[in-house]
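Student: Chains as they are written, first to last, in the numbering used here: chain A, 1205 to 1456; chain B, 160 to 437; chain C, 2 to 265.
There's no promise every hint is true.
Unchecked claim - Dumping the calculated SDA-like pairs for lysine to any residue here, alpha-carbon to alpha-carbon at most 25 Å:
hint, chain 1, residue 1, chain 2, residue 2
1, C, 101, B, 188
2, A, 1308, B, 330
3, B, 269, A, 1279
4, A, 1417, A, 1370
Note that these hints are calculated values from the structure, not bench results.
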Amino acid sequence: MNPKIECRNISKVFIQKGKQRVHVLEDISLEVMHNEFLVILGPGQSGKTTLLRIIAGLETPTSGQVLVDGKEVTGPGQDRGLVFQSYMLFFWRTVMGNVEIGLKLRGVDKKKRREIAQHYINLVGLQGFEKHYPHQLSGGMKQRVGIARAYANNPEIMLLDEPFGQLDAQTRMFMEKETERIWQTEKKTVIFVTNNIDEAIYLGDRIVTLKDKLPGRMDAIYDVPLPRPREHTDLEFVKLRQEITDRSELVL
Amino acid sequence: MERSVANEVVKHVKEKKPWTVGRVLTNEYFLYVVSFFTFLIVWHYIAAAGLLGLATPEATLKEMVRLMSVRLAGKNLFGHAWASSRRIIIGFAIGAAAGLPLGLLMGLNKYINSIVKPVFDLFKPMPPIAWISISILWFGIGEPSKIFIIVIGSFVPCVLNAYSGIRIIDPELYDVIRVLGGNRRQEIFYVSFPAALPALFAGVQISMSVAWTCVLAAELVSSRSGLGWIIIRGMKLTKPELVLGGMAAIAVVAWLFSVAASGLEKVLCPWKRGIKEL
Amino acid sequence: MAYEEVKVKEPIRFKLLSIMSLLAFFGIWEFIVDAGIVPRTMLAAPSQVVVLFIKKLTQANPDGATLGAHAWMSAKEAVTAYVLAIIVGVPLGLFMGWFKVVRGIFRPIFEMIRPIPPIAWIPLCIFWFGIGIWGKVYIIWIAGIVPFTINSWVGVNMTDPALIQMARTYGATDWQIFTKLCVPSALPMIFGALQISLAYCWTNLVGAELLAADKGLGFLIEMGRRLAMPEMVVLGMVCVGIGGALIGVVVDKLEKRLLAGIRR
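Just chain A, same shape as in the assembly:
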């Protein structure tokens, strides 16, 4: 079977503040299979966000190319949904307004739009909060909206950029469980970026690690054959965790 997403030798060079040249990514090649949950694991400042933005089509790679279903990505599109680290909710819209925005952009009529949006609001467990504005919600709830917004647009691929990086440990664990539940309810091809090893092993079918310095380079690929739902204290889980930690220079 052909891969759903294919990255071929991607490199990216940024010009920062008008005069600093930063080499962010170098020679990244990876393949993501249909309905696979791939986690990209790397420390801060390893170019993971940039990689995700390139796959989303928001940035163009300096060299190399991204293929989705064998076709080259030239810009953002409805087939790829992105969940932002800093939520990026429209603060002037209610939860409902945020979730239905993608459908609205495509001119879906109001009744249909509401129906679909409501489905995804329920899916992320936010029923009863449709009329709330983002500033009235907690961090975890905001990211639920972010996930529902991306899902409601019915993309084939979900890209999540450190979605729980701003949450406390408790909420984070909870949201990881929720993510797994949502993913298993409606299967998509997922690329999930994180700097947290536990999160990576808990969620990923496969984990790609990046080296810890710019420019970001591929380090290793791990298969995670553990059955779901996984337990953090499971022996296999801990073993894999140890293996990744030993191999990478990740600071914990």
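Start from chain A and add chains B and C according to the hints.
Tutor: Chains B and C only, in chain A's frame:
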């Protein structure tokens, strides 16, 4: 009220404390009342003693009540308040109608910005009141010259705030629209405009207070109606109660305008209702 | 090494557009006056303004003072009132932010006076101070004090409550918390008021001088109108604009330096 999603709870509670003598005496609202009446009493005695050429608060109030029914130069107090307000409304409407779109365009388009900005920057540091004299040269001493000054006065803050309102938008918000499959036009309609709206309102509020300064200055320089004219009239007749009454009327009307502006903001920007005001 | 310094050329066409736009502006202005499209009694050409500017540097006629004397007068009034506004407004705002009793006493008076445009005080000022410098200083002071008071007040209110609680657990008194915690944390807001207040001051200075003065840039503008000399009106406006921009630049530099001072 309590609502929860899984492990997260949203709670609304009200706090109640018992009343004690000490708390009443240091209570802010109690002090407000004390302060207000002290102010009036001090004012009364200064005026009654014939110091500072003031009229007593009660004389001022009486004069204001009298002016509500008695006509001065063909208009009662409400007539004059309306004369001033009308100038502001017309001038402000023109200034905002020209300034807000221009500012938005400058924020959205680099070419328009690099053409308009340098010329705009020439006029920006010039206080609108400085235009009064040339406005009289251009339009005479009638209504148009007064309205022109208010147009200038509200135009500048409207442009500035619309421009910076667009500029401070987090560029990632545009990415949301792009990722969802929206085009440039949709970015502008669904992100730029609503996200800039609070800044537009800040501009409107600044414009409003500038407009009041402008209309007063214009009326003080030359006019036959308006609240500024009442003040000048009071000065010429050496009737301090007329001067103070005029000032009080201005304060009330200007305050009503700002209340109306923030009321409108609450209607148009409902998401700001819950955010604690500063 | 990941970071290297490179030089990137800014696209020159935006600068070019700006310069062309300015040239066009002055060109059209000169043209419509010279060609008589706008009568000379209504508008003066830029060249006339420059000529008058050079003349007014040394000549006191016909309005009674040289340009330097007018500008000096305005600057003196503005700076005096501005400094007085800082001296009174900042402590008032700080105290109102922290001490409930002070807030209770001053807030109603402050709120009553605030909506009155400072210009409206002119008749009372003329009565109290005549048309000398102090009447105008009073009006400008009223204009300038409002932003300082409000920003200091808000600044104190924005002090991190966690810091205040921390200070309380260490046994700090109210006064210590106020001076050691609230005041420093309000400083950025207070510096923010420097620019806003200046703009108010400068606007009201012109207003006050138009109406009650015998010297100053606002007076120069008004005399230009009375003498039907549009070039003098425009000259006055230009000087007010340049003066405002100059003081603005100075205050901006000052603000940046002060802010850098706290961040260090």
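Student: Is residue 101(C) within 25 Å of residue 188(B), Cα to Cα?
Tutor: 10 Å, holds
Student: Decide if the proposed pair is consistent with the structure: residue 1308(A) and residue 330(B), CA atoms, cutoff 25 Å inclusive.
Tutor: 21 Å, holds
Student: Under the criterion that the straight-line Cα-Cα distance not exceed 25 Å, is the pair residue 269(B), residue 1279(A) satisfied?
Tutor: Status holds; Cα separation ~22 Å.
Student: Starting from residue 1417(A), check that the Cα of residue 1370(A) is at most 25 Å away, please.
Tutor: Roughly 22 Å separates the two Cα atoms, so the pair holds.
Violated hints are absent here; each numbered hint is respected by the structure.
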